Every structure is written in structure tokens, then in C-alpha cells.
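Respectively, the protein sequence lines represent chains A and B. If you read the first sequence in this note's numbering, its first letter stands for residue 235, the second for the next number, and so on. If you read the second sequence in this note's numbering, its first letter stands for residue 466, the second for the next number, and so on.
Hints listed in this document are in silico derivations from the structure and should not be mistaken for laboratory results. Be aware that a few hints might be false.
Stated by the list, open to error - Taking lysine-lysine and the DSSO-like style, the derived pairs with C-alpha atoms no more than 30 Å apart in a straight line are:
hint, chain 1, residue 1, chain 2, residue 2
1, B, LYS903, A, LYS602
2, B, LYS473, A, LYS461
3, B, LYS473, B, LYS651
Stated by the list, open to error - Calculated Cβ distances over 12 Å to all of chain A for the following chain B residues:
hint, residue
4, ASN531
5, HIS536
6, ARG580
7, LYS673
8, ILE803
9, THR817
10, LYS859
The structure displayed is predicted, hence computed values, not measured ones. Cβ coordinates follow ideal geometry from the N, Cα and C atoms, glycine included.
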Amino acid sequence: MKNRENLACEFIGIKSINPFWLASAPPTDKAYNVIRAFKAGWGGVVWKTLGEDPAPINVSSRYGVHYGQNRQVVGFNNIELITDRPLQVNLDEITQVKKDWPDRVIIVSLMVPCEEQSWKNILPRVEATGADGIELNFGCPHGMPERGMGAAVGQVPEYIEMVTRWCKQYCSLPVIVKLTPNITDVRKPAEAAWRGGADAVSLINTINSITSVNLDTMSPEPSVDGKGTHGGYCGSAVKPIALSMVSEIARNPETSTLPISGIGGVSNWRDAAEFIALGASNVQVCTAAMLYGFTIIDELCDGLSDWMEKKGYKNISDFSRMAIPNTTDWKHLNMNYKRIAYINEDACIKCGRCFAACEDTSHQAILKTGDIDNRKYTVIEDECVGCNLCEITCPEPNAIVMKDIDTGEPHLSWLNHPANPFKETL
Amino acid sequence: MTITHDIKSNRLLDVEIIDNFSDMTPPLTDKQVLVASERCLFCYDAPCIEACPTGINIPLFIRKINTGNAHGAAKEILSANILGGSCARVCPTETLCEQACVRNSCEEAPVEIGRLQRYAVDHLDKDMPYPFTRAKETGKHVAVVGAGPAGLACAHQLSRNGHQVTIYEAANKSGGLNEYGIALYKLVDNYAQKEVDFVLELGGIEIKYQQALGRDVSLSQLREKYDAVFISIGMSDVNALNIPGEDSAGVEDSVAYISDLRQEKSLANLPVGRRVIVIGAGMTAIDIAVQSKKLGAENVTIVYRRSLSDMGASEHEQELALKNGVQFICNAQPKQIIADNSGVTAMEFTKTKCDEKGKLTLTQDIFSLPCDVVFKAIGQKFSSSPFGENTANKPALDKRGRIAVNDSYQTSFPDVFAGGDCIDGKDLVVEAVDHGNKAALAIHQQLSGLISPQQKQL
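Modelling step: build the complete structure from the supplied sequences, incorporating the hints.
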């Protein structure tokens, strides 16, 4: 197997053989799974959330799916609670696995009631396992919030700060605060974690969701005896939301030095690289492993390692946050920049999707000529606003390309734009 | 010593023959349908629609299948083509909708439109109301001659518009070539009759069997009795080889043989030659060659005077023949059939040459091929004999000798329309349906007074 030394990295002082950890979820619920993951090559795991005994009881029928046209899983959700095994069983297994796999990272996810004593009780027991750190589950959107935990804490920045402070006070392990996306401005809870002394944040947790309704029984899915509840949505569908939230925290001056573990629909090496470029130092994966098994780690490592080598990045930190300077507010975008679509006739298969999209829903910038046997689509350059819709709808990878047009105009943002009644004078 | 005249029944066991004649293209499974339907790009101005003679909105029906609405997909298909079920099975889709599919461009694999169409029509929900209704009775009555695809489509459309229809069918069953001409393994399970039943379920259509035009009823009688007449009598004659020995025992007409085969309850009973020669290059040639193999013929050779690429049968059909062990000999023109008192023993051919302009010349090279049976499959032709000798009762014919029609499928008689194989065209089921549909529209407009009978010129 290929040497992947360039993937070795350090996150808040914790060394990892690669930046891929399994997120706190069913894949990391017990020693059996975790050992299989380590054997497959995962750098670390965040052990599925521990809580106080008695452990919760889960319902039957737990996941609901959102399919694409050909049964490909776009995303799915779950209504599972935190671990349903006794605390001591988990602690013993963590201790043993960490002992057997010293070069792999074990972070323990925790969720106990929002009372100081509860945290004070559990933290020393976790620390005694030899685990590398803890992650505070302030994100679980279903079930646990009804008991005053999970997202119920994560949605109140003051609680986040308070609990984080307790954790730093009663244990010496690095503390990662896992954030919920079910909130208006994700920068606020991140700032609270920072004030509480968190070593890092991880995000996103799953998103409030109902994946579908059974139209015969009129029950939301997943259906438990004819009734359903909202669950936590995950999978590649949530990646764009997660990327945006990660970048917001990385761009926020208040939290710009706060390390981030990126989570949310990471399905391949490219997704991972994007998270890292937008502010994450490593990534956590769950759904992709739940859909394909642990062996995807080979694709993740190999793809990322080769890409880094090709780009000349010696290690993860070489390209970490590289896209942040290019992530800005709308008002700073160059209004004199122009791009237009170009249809490469040789690659065009004449499906007309671009025409339908542009003609019906955009700027009527595509011309359709010729009869059925000599169909030709061309861009009316003067009408094209460079919206990318045609390129997006086109099923052929190289048939439509967006080309930069040199307008010869200097950079001009909305802030300085003549049409802006509140423009700033240069 | 070679056995000659080796023609006999039961060359294969019943079970083998049943297996050989089972559905050639089995239905797609639900999962296959999901994969196949997902590939449709929902093209704008989709070329597949253009390529379908009946203009079925293919992207729309495929989208309906993909969203779990196969019943809606079936309605979409049947509203454009009431015989969409048999067309899905017998259409040469590789030269029609699937050839036009844009997925051919980069992937060289079209969306499986034919098989998806079959899935949809097969999944028409029988618990739902019949998908078509009849308009208020107009009091008009139309005669349709021939219950083949064109006649059935025309009758269905006319009845939907509120007209009464009486179909005169020469045979014992309706369906036309779907019943008597299509290779059995393309249309299994008595499908043609099931489809006829579905057409008739609309109501307003009566079929009179064993009523042949020119024998049991004349065109002038029909014109007198009905408000309009639609003729869809197909082609009743076959071309001849016009070579010595053609009348020998063992020289068979493919169309007649296939018709017998289609009606035979126990296929093993059919007499089959050991060594079979098929003369021809179209679909019928492929059909008879493949069916002979499937019945147990040892050696089947299609002989054609031009090259493979000139054959009327598509590449797909040629592949089917090769897969079934049929051999091809190209550039060979029939010279004579050699026979003794008991029948054919061999056939002689002259090798041909084709120049750049496509002109065929005979060479000096002559060869002989021993055989027990020779099938002629060199095309059918229209016979105008059902109209009788009196030109006053005979619609005008076109250059090819078929019934001449205008854009509205109207013949030289303003109240008489025609469609299907008895007019000029590609002789496809789907095209016949198109003729029937369009003629029905023209008849309806005429009967409703929307268009005057003499308005259109031939």
C-alpha cells in the first residue's frame, strides 16, 4: 500500500495518522465496530455519545431516506438516541481499545443533563479510559432535546459556555464542542464555546428533517407504529450547509483561531479537501461509512494524498483555510466581472436541457436552430448573464463551459458601485 | 449418401420448442425500470418523440414511470398509440425512438424506451376506470375494413369521437399482422388478442369476422351503407422469384408459413426442413430464418443478392439471426431451384458484384447449395383485386400500386380513407397506428362538417 505520510496531522495536540475520523454515531457505538474501523485504516473515532445510566432505550424503525431518481441515497435521517448501552460497558471497551490501538484517536462524545454535578461525575471516569479528548454533543436534534439535552443546550449560547467551562474545569482532556446547525447564526454558539475555553468546535450535527411521508398511512418516515417525528438529516445533501457554517466560523474574527473538525456529508476525498480549505483541520465521516462500510477509508486517504502530492502540499496544514481569503461577503464581489456560457458543439448531445432551463426560467440566452437532425444550440452572448444554470443542467461534463470575459473594467464592488445609493467614496 | 427431402415434424421436444419460443425480450424488473428510466434526460423537443411515428411523449411517460406513476405513463402512451403495448414489443426501436435517443452520442446506449413502454402499458391499473371515454353519439357510422393495427387504431379514435364503427375482418381473429405475422417470440401470451379486447372495451365498435372485401362485401355497398369507409387491408400478395423451379414442392411462402405457425397450438407438429434456405433481406427473412432454427432446422442460410449493410433488416435483427445460428450468404442472386419429383434438392446462385453507384452485376461465378426447403421472403405486395374490375368502384392507386391517399389519408373517393400497409410507407405496426389515428381525425372532421369532403386534393 502507498505511503501516506503526508496525511499525518495534529488536531488540538492530538496526533492522527490521517485526518479522517468516524463521527459519533452508530458506526462507533462499540468496540467491535471501532476495531473494524481501525483495521480498515481510520485515523480516529468519536465514540458514540455516552450519557448517564440508565441508558436510553431506542425505538424500532430509526432511519428515513431521501432518494434520488435511481435509489441513490441523497441523504437520510435518524431518530436514534445516544448509546443505549450501560456507561461502564462503554468505558471498559474504550479503555481496552485505546490500549490496543495507541496510534489511533479515540474521542469520547458526551451528553449528560445540564447540571454541574452530572458533568463532574462523568468526566473523571472518561478521563480514566485513556481517551484522547471529549466532544460535547450539543447538537442531537431529536429525542434528547425533549429531555433538556443535545440541541436544547446547543441552541442557547450561555449553556454552551457554562458546560464547556465545567468540562475544562473538571477534566484535563481537550474539549471539542459539537454544534447544531438548527440555529439562525452558527457563529454565536461557536463564540460561546470559545469563551467557555473549548479547544475546538466540530460541526455540523444533523439537521431537523422529515425525509418523507407515507402517502398510504399518512405517517412521516421513519414510521414507528404509524407515527413519526423529525429526525437528524445527514449525508451528501447537507454538505453545502455544513461547508457554509464551517466557513462562517473560520471567517469570524472572534473565532478565527478556533480549530474546527468538519462534519456534514463528507463522502469522498474531494469533500474532505473542501472542508479543510474552508477552515476545518480534519473531518469526521459517518453517513458515507454507513452506506458503504469502512473500506471507503482507502479511497479517502488515497485520493487526498495523491491530490496533495500533485499540488505540492506537504501536509494538511499547507492547504488548510486556503479558501478562506476568497470567501467573502456579497458586497465585496466584483461587479465588473463577466462570464458567459459557451456551448462546445462537439460534446453537445442535443438534449436541449440548457435551452429549456434558460428559455423557461432564466434569461432566454440560448438560441435553438436547425431541424431535429441538425439541431444546434448557441449562446446569445449579449443576453447571457453567466448564471451557470445551463452548465448545471447539462448532463455532459464538457459540453458547456463558463468562460471569463475580459471587460477591461477595474474591480468594482457594490460598496463603490454608482448605483448604490449608500456607496462609499473611494 | 445424403438424405434429401428431409422435412419432418418433431425435430425438437415440445419443452425445447416452448423454451425457444418464449418471450425474446422479457419484461424489465422494477429495479431495472428504475435504472433505465433514470437515464432519460427529459430532453427539450425530444428527438425520440419526433422519431416515433405516433409521436408518443416519451420523456413524459418515462418521467411518470420514474416517479412511480406507471398507470399515468400507460395513459400517456395509449392516448397517442392505442396499440402502445404491441408496439413496445414489435417496433424496431433501434431504428426509431432509440436510434434518436441523445444518450447514443456519448454512451452508445440509448434509454431502453421500448422496454420501458412495455413496462408502463403492462402496469396500466386495471382497477382504475378505462382510460378513455366516448364523446356523445354523433349518429354517424363508419365502416373499417381490416382489423389490423391501422383499422383498430382508426376505429378506437372514431369511437372516442362518438361515431359508431363496424369493422369488416376477413380472418377469424382481429389483430392483423400482430396476430398472424409477427414472430411468435416477440409477442407471446396471446398478446394481440388481449390488446384487441382492450381496444374494444371502449364500446361503439363492432367486428364482423370472415367478411372479406370483394368476396363478402364490396366497397360500393359499404359506401352506400356508411357515412365513411376506412380501408386497411394490408398486402395480400407476395412477390415471386421468377426463376425456374419455383413451383417445386418444398418452396414455401414465408408469410403463409409464419401465419400457420402463429395459429398452431403445438409447434412441434409443424414440418421443418433439415437444411433451409431463406431468400430475402427484410424482417420477414430474419423471422422465418430464426423461427426455422427455433423449430429445429439444422442449417438455415439467408441468401441475399447485395451486402449485409444493404439489408432491409436492421443490424439488431441481423444479430438476432446470427445469435440463433442462422448463416448469411451475401452477393448471391437466385438462379434456379433444382428439384426432383419429390421436391427441392438444391438451389443455384450467381455471385454478384456491386459497383460504386450501387449497380448490381452478375459474375460468372455460380454455386449450388443443397437444401430441403426454400423460403421466399422477398416482400409482399398490395392486391387491388378486392375492389373488382370496375374502375368506378376502385380507388386510384399510386406508383407502387398501392392505394393513393392525400395528407388526410383520403383516397380518390372523398368518403373513403385508407392506411396501414395498403398505402405507401415503411410497413410498420406503429406507422399503421399513425395512419389510423390521422385518418380517424380527418374522417371526424369531415363528418362533423369541419372540412368539406372535396377540400383536399390527392
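Outcome of the hint check:
Taking the CA atoms of LYS903/B and LYS602/A, the gap is about 29 Å. The hint holds against a cut of 30 Å. Only pairs whose Cα atoms come within 30 Å are accepted, and LYS473/B paired with LYS461/A is rejected, the gap being roughly 69 Å. For a cut-off of 30 Å, the pair hint linking LYS473/B to LYS651/B stands: about 25 Å separates their Cα positions. For ASN531/B, the non-interface assignment is contradicted: its Cβ lies about 6 Å from the closest Cβ of chain A, within the 12 Å cut-off.
Look at HIS536/B: its CB is around 15 Å from the nearest CB on chain A, clear of 12 Å, so calling it non-interface holds up. The claim that ARG580/B is not at the interface with chain A holds, since no C-beta of that chain comes within 12 Å of its own (minimum 16 Å). Non-interface status of LYS673/B relative to chain A is upheld: no Cβ of that chain comes within 12 Å, the nearest being about 42 Å off. Every beta carbon of chain A lies more than 12 Å from that of ILE803/B, the smallest distance being close to 48 Å; the non-interface claim holds.
Distance check on THR817/B: its Cβ is at least 32 Å (rounded) from any Cβ of chain A, clearing the 12 Å threshold; non-interface status holds. Distance check for LYS859/B against chain A: the nearest CB is about 38 Å away, which clears 12 Å, and the non-interface claim stands.
Hints 2, 4 from the list above are not met by this structure, while the remaining hints are.
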